[in-house]
Amino acid sequence: MNAFDLIGSAVSNSIRSKTRTLLTVLAIFIGAFTLTLTSGVGTGINRYIDDTVSSIGASDIITVTKTAEETTTEGPAEYNPDSNLVDGQFQGPATTSVEAITPADIDDLAEVSGVLSVEPTIGVATDYVQLGDGGQYQASVGSIIPGMTLQMVSGAQPVYNADDYEIALPESYITPLGFSGNSDAVGQTITIGLTDATGTSSTIDATVVGVTEPGLVGGSSLSANDALTQALYSAQSVGLADSTRDSYSSATVRFDDTISDEALTDLRDDLTAAGYDSTTVEDQIGSFKSVIDAIVLVLNGFAVIALIAAGFGIVNTLLMSVQERTREIGLMKAMGMGGGRVFSLFSLEAVFIGFLGSAIGVGAGMLAGFGVNTALAGSLLADLPGLTLVAFDPLAVGTIVITVMAIAFLAGTIPALRAAKADPIESLRYE
Amino acid sequence: MSVPVLAARDIHKSYGRGPTRFEALKGVSIDIHSGETIAIVGKSGSGKSTLMHLLALLDKPSKGEVELSGRDAAALSGSALNKTRNETFGFVFQQFFLTPGTSVLDNVTLPLRIAGVRGAERRRRGMAALEQLELADKAKNKATDLSGGQKQRVVIARALVNNPSVIFADEPTGNLDSATGAVVEDILFNLNRTHGITVIIVTHDEELAARCDRRVYIRDGLVVESLAAPTGVAPGASTSTSIASSSAGTTTSTSEASA
Chain U
1 MNAFDLIGSA VSNSIRSKTR TLLTVLAIFI GAFTLTLTSG VGTGINRYID DTVSSIGASD
61 IITVTKTAEE TTTEGPAEYN PDSNLVDGQF QGPATTSVEA ITPADIDDLA EVSGVLSVEP
121 TIGVATDYVQ LGDGGQYQAS VGSIIPGMTL QMVSGAQPVY NADDYEIALP ESYITPLGFS
181 GNSDAVGQTI TIGLTDATGT SSTIDATVVG VTEPGLVGGS SLSANDALTQ ALYSAQSVGL
241 ADSTRDSYSS ATVRFDDTIS DEALTDLRDD LTAAGYDSTT VEDQIGSFKS VIDAIVLVLN
301 GFAVIALIAA GFGIVNTLLM SVQERTREIG LMKAMGMGGG RVFSLFSLEA VFIGFLGSAI
361 GVGAGMLAGF GVNTALAGSL LADLPGLTLV AFDPLAVGTI VITVMAIAFL AGTIPALRAA
421 KADPIESLRY E
Chain Z
432 MSVPVLAARD IHKSYGRGPT RFEALKGVSI DIHSGETIAI VGKSGSGKST LMHLLALLDK
492 PSKGEVELSG RDAAALSGSA LNKTRNETFG FVFQQFFLTP GTSVLDNVTL PLRIAGVRGA
552 ERRRRGMAAL EQLELADKAK NKATDLSGGQ KQRVVIARAL VNNPSVIFAD EPTGNLDSAT
612 GAVVEDILFN LNRTHGITVI IVTHDEELAA RCDRRVYIRD GLVVESLAAP TGVAPGASTS
672 TSIASSSAGT TTSTSEASA
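Keeping their order, the protein sequence lines are chains U and Z. To convert, note that position 338 of the first sequence is 338 in the numbering used here; the numbers rise steadily by one, no gaps. To convert, note that position 54 of the second sequence is 485 in the numbering used here; the numbers rise steadily by one, no gaps.
Here chain U stands alone, though its shape is the one from the complex (with noise of 0.2 Å):
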């Protein structure tokens, strides 16, 4: 028999028993549709987290802080008169004690293997944004970094190294500063109002440019660019001490993105090993993105459960087949078909009610995902616009019909090999 006919009768053979193979493509369409839509909620969720990603930052920076000697011991650590705290600048995940980094930490930095350029991440504390004579309103400035990507809905983002001062609006402040839009922002000067250390009270006007949308981080602040984020502090450290000036919380450091894992390993234990503590973009990002895969792994487990029990479904539904064609096995190979191809032709049988079952499945699955999305995005996911909450890769999707297709093989194995053993007298006897 060729593969072409074997497919054929495999085919023909399972169509023959229709209710009993539309019972059990029932049972595998079950699995293979919630593992569709559980798979897809994963790659939506990840892909919104990935857009969202590179709004926080670009991916060829290490963010890198001062380990604070002494922070394991236990009880209260030594007094050292060099050890500046820095104080009132936190920024980023830092939390306990984080040493300063001074313009000596900076060219220290610079000299580690691998490192292209350090720069020092100065944050700003702002008070109020303003247009014109309108109300004053609470905001935080957040400076953007080269390789950002912010979301925007309208106009473009600020320009790193332009020499004018420019910023994004998020998308909350346009109708409370008196913009009429989206657009009617775009272009418009704002003036944003800070206090410098000693009290007196200063204000910056920049251009926006553009307008972001809320997005699952750092949505709500204002982004600035590099001129814009310089003047704001020296505004803000007017009345400092030089030594506070020049003392930051944390330094971005920029790297070759191409280089392999290997190659930025060895770099972050450089810095570790010189005292520093360094944070990628992929760790920040990473534990969010890890709670999210968990959970879709834990989801897809109980989806394979129940394609599990579809395979047990399999067993069966072949296992009573070959019973009933009991004298048919005896008869194909009475006339010369071979064990090996008796094998073939149950388990490509069974692989066809996988087939069935996956793309009945995945099909269905797809629909329902499109259809959820369309009700949630105007319901419940109104105020995450850009989330997709079931999405699908070609990819995963094909995998799932494959993995289904293997499971509905190995199932068909069983019944498979007890036809493929069948003794062609002992089949056709009947005295």
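Please keep in mind that the hints were generated in silico from the structure rather than gathered at the bench. Glycine residues also receive a C-beta, built at the ideal position from the N, C-alpha and C atoms. Some hints here could point you the wrong way.
[Claimed, not checked] Here are the simulated lysine to aspartate or glutamate pairs, EDC-like style, with alpha carbons at most 16 Å apart: (1) U:Lys421 - Z:Glu656; (2) Z:Lys491 - Z:Glu552; (3) Z:Lys491 - U:Glu324; (4) Z:Lys474 - Z:Glu656; (5) Z:Lys474 - Z:Asp651; (6) Z:Lys491 - Z:Glu454; (7) Z:Lys494 - Z:Glu552; (8) Z:Lys491 - U:Glu426; (9) U:Lys18 - U:Glu324.
[As the list claims (entries may be wrong)] To be clear about the criterion: a stretch of chain Z counts as covered by chain U if any three or more of its residues have a C-beta under 8 Å from a C-beta of chain U, and this derived list gives those stretches: (10) 445-452; (11) 526-539.
Dock chain Z against the given chain U, drawing on the hints supplied.
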């Protein structure tokens, strides 16, 4: 004398071991020549079916050897055995063994499908076999919707489709009434006459056996008697035309229906 197409050389066959050991054949030798019709006659449990299974290479003897055109069949590999059964032998069973729910044509072309013959060629040969048995108009019918006689004709078409040189018929008329049984018998003997196909019939029906060139009686695993046809045509002579034609109209008595 020509080399027999099939031969048994002192074959023994036993099942089980120890106290439950049962010896179905206790040393049977038989030569079957090309173009012969031979009846293996015996009661239930006599060992006649076992002998047929061994001759049809469906099973291996415990002792002794089965020769296929003078060569020991035990030397054949599994796939060569399968090929031989597929291309050289045709099988006709009392219980028909038609695949339910599939068409008559699909049933007839099963051996071709197993042999890997392609679709169009398969269809052509299947239809040719059905035409030979005047069943061409039933090709698309479901096999299970036919009458007993039609079913047995489909089975014969299936046995013929590969142009075999030997047809094994196990109680071919056992499930048929005497009139349709006679028609089926005529077809088998006619095939022998016109195509020179060797026909080996296993039966306990004396009248059917009497139409064959030779009758071999089996009892308790041994050949007890071997008779040539009443007219005295020598075994191995393929000129059986006279017997077949003379006896064609005589089988009017009731055939025993087996259990």
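Tested hints:
1. U:Lys421 - Z:Glu656: Outside the cut-off at roughly 37 Å; violated.
2. Z:Lys491 - Z:Glu552: violated (34 Å)
3. Z:Lys491 - U:Glu324: violated (27 Å)
4. Z:Lys474 - Z:Glu656: Given that 16 Å is the threshold and the Cα spacing comes to 14 Å, the pair holds.
5. Z:Lys474 - Z:Asp651: holds (9 Å)
6. Z:Lys491 - Z:Glu454: holds (14 Å)
7. Z:Lys494 - Z:Glu552: Since the Cα atoms of lysine 494 of chain Z and glutamate 552 of chain Z sit roughly 42 Å apart, the hinted pair is violated (cutoff 16 Å).
8. Z:Lys491 - U:Glu426: holds (14 Å)
9. U:Lys18 - U:Glu324: holds (14 Å)
10. 445-452: violated (count 0)
11. 526-539: holds (count 5)
In the structure shown, a violation is registered for the earlier hints numbered 1, 2, 3, 7, 10, in ascending order.
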